[in-house]
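Heads up: the protein sequence lines correspond to chains A and B, in order.
Quick note: the first sequence, position 19, residue 19 per my numbering, numbers continuous.
Quick note: the second sequence, position 93, residue 93 per my numbering, numbers continuous.
The hints are simulated quantities; they were obtained by calculation from the structure and are not laboratory data.
Everything numeric in this text was worked out from a predicted model, so none of it was measured.
Positions of the beta carbon are idealized from the N, C-alpha and C atoms, including for glycine.
Incorrect hints may have been included.
[Unchecked claim] Here are the simulated distance ranges between beta carbons:
no., chain 1, residue 1, chain 2, residue 2, range
1, A, Phe294, B, Met290, 29 to 37 Å
2, B, Gly283, A, Pro344, 50 to 58 Å
3, B, Leu137, A, Pro300, 43 to 51 Å
4, A, Phe345, B, Ile99, 52 to 60 Å
[As the list claims (entries may be wrong)] Straight-line alpha carbon distances no greater than 25 Å define the calculated SDA-like cross-link-like pairs of lysine to any residue that follow:
no., chain 1, residue 1, chain 2, residue 2
5, A, Lys320, B, Asn198
6, A, Lys320, B, Ser284
7, A, Lys320, B, Ser33
8, A, Lys121, B, Gly101
9, A, Lys29, B, Ser33
10, A, Lys192, A, Lys29
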Amino acid sequence: MDRYLSVIIIIIFFHSCDKYEPDCCGTPKPINLSYPTSFPTPYNPLDNPITEEGVNLGRHLFYDPILSSDNTISCASCHKQEYAFGDNTQYSFGVNQSIGDRNAPTIINAAFQSHFDWDGKNISLEDQAQRPIFNDIELHNNNWSEVIHRLQVSSIYPDLFCEAFGDELIDSIKVLNAIAQFERTLVSVDSKFDQWLRGEVAFTESEIDGFNIYSTERGDCFHCHPIGLFTDNSFHNNGLDAEFIDLGRYNVTSNPLDQGAFKSPTLRNIEYSAPYMHDGRFGTLDEVIDFYNFGGYDSPTVDPLMKYIGVGLLLTSQEKMNLKAFLLTLSDESFINNENFTNPFN
Amino acid sequence: MIFIRKNNFFVFLVCVFSLSVFKSCTESGCTDSTAENYNSNATEDDGSCIVLGCTDSSASNYNPNATDDNDSCIYSCLEPEYHCLEINFNHFVDNQEIIYGNNNIFYENNAGNNYSVRRILYVLSDIMLFFEDGTNLLLDEFMFINTDDPQTLTQTIYNLPALCAGISFTFGFSSENNNDNQYIDAENNFHSLMLWPNTNGVNPAFQGGYHYMKLEGKYIDLDGNQNFYNNHTGPTNGSDFSFYQFIFDFPGEGFMGTANSIFINMNINNWYNDPIYDFNIFGSGIMDNMEAQWNLYQNAGDIFSVQIN
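Just chain A, with the same shape it has in the complex:
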């Protein structure tokens, strides 16, 4: 009798623990981001603190096509680590070979920024993560129910959600929170420029002259791409066109002065993130520098910071090379190759 009872108790115990595994009950371990003094305090919502387990879940979700309606496209399909979490094509493909209409932006130091996407329509990483999930030309889902169902019946996600959030219940908020946590860890602070500022390496003459062009009104790159994050978190019409196909920030604000304005992207890791501009029109850094050296096109909303329109920067060939040499110092190989950011399914 005793033996039977003990067996029953053991069965009950193990059955119960299917739901209450020790990992599930463990406290997720918090992560504190490291960053230089030229970075602002990261945005870290009180209700979504970064934890090792949350980041691990977010990393899986980021790389897993399970979030797309036909299991073919993941976040990483358009935001590839080797391209600074951007894409190397002008426009990226979504479900059913749908093609986008803007170049996939990079995801670098997103924890320190306040607006996302080229037009800044999203003001948190949690909000931003939701948009592509239901976009017809991206992950193409109809509703959260179908997404959650796929995660619930998968072999790995109930456990990963359990570890990250303390229970197996999978909901949309946890999905978005986990992806946002992973994206907040994508910090790039170890480029040659950072090392130079820290006194660890020397710049060449060419790089110094390029930095001087960059950070003075000679080239006037710094106003839209200030030293530190190398983005001003703001929106500018940089004179790409005299007339606009894509109205950019105006689509969000309805302010006529915002027509043709787009968010200044960070120039960190610019070497890896070609093609350039919101529509990926420039394939190389040389083309970008040539465009600014030309000066750009006037229009009623072009930013006055583009003060050489009609005249151009008048940089010599050597100065253009020097400016490019400086821009290449913003490359951070440790970011591009960071194993904490790679595909966990490989």
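Fit chain B to the given chain A structure using the hints.
Frame of chain A; chain B shown alone:
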């Protein structure tokens, strides 16, 4: 009890272990996600939540969930025992209200330049308020005004001890208050928009800190062409071109007026009057031009006027 009485110690251990596992799956802690000590794993609230906020129920931002007061209470300006000062920032060219836009080139300065105004961003610091009872208060915070950001055009100072009778401020930052990354977490994207580059010794004009002002638009040059101007002032070569604005006594009947709402008006044309500032001489960008910075500094004395609302 049956098992123990039957001396089945193994079964007893299983029971104890099971209970301990079930117990460990219930974690006590703070379950309020807005609390400072929120524990996302807590399944039972143990009453330990620390929520910072205003705990005074008479304040306009009273937070009934707050457990610890963080000195954030704001009291209505209509309450007789609390005073406020609402400051509305307006910008004119002489008596014309500005219509912002590159191509609105219908303003004219003393040099005969026709120009437009696209935007103005600037800083007022060392703000001191003077009260009707003769006391004064130096504010800790600076004010950032950005015509592209309407919420910066009206700013209210709460919880003042008496009605205001005057104000003084510094246009820009004095040198001791203008250091690299000093205001990196300031509101309204201030740091990114107003940073003055630090070139790490490469170019002496750019030693870090912040712009005082970014005034931008277009002008017509001597050949009739439209050009952009960027009147960006700041600590060129590490110099201090900030300008102390003497006390504005609020106008009123008798010796002294008081107010809880004022207008601070900037007349753009006064930047260019005395000495005359000519866009054709100074060109589009002036951040490394000491002469241009000095010219604008000399013009700063009559840029502002104050009106009671």
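Verification of the supplied hints:
no.	hint	in the structure
1	A:Phe294 x B:Met290: 29 to 37 Å	holds (30 Å)
2	B:Gly283 x A:Pro344: 50 to 58 Å	holds (55 Å)
3	B:Leu137 x A:Pro300: 43 to 51 Å	holds (44 Å)
4	A:Phe345 x B:Ile99: 52 to 60 Å	holds (57 Å)
5	A:Lys320 x B:Asn198	holds (21 Å)
6	A:Lys320 x B:Ser284	holds (21 Å)
7	A:Lys320 x B:Ser33	violated (51 Å)
8	A:Lys121 x B:Gly101	holds (23 Å)
9	A:Lys29 x B:Ser33	holds (17 Å)
10	A:Lys192 x A:Lys29	violated (31 Å)
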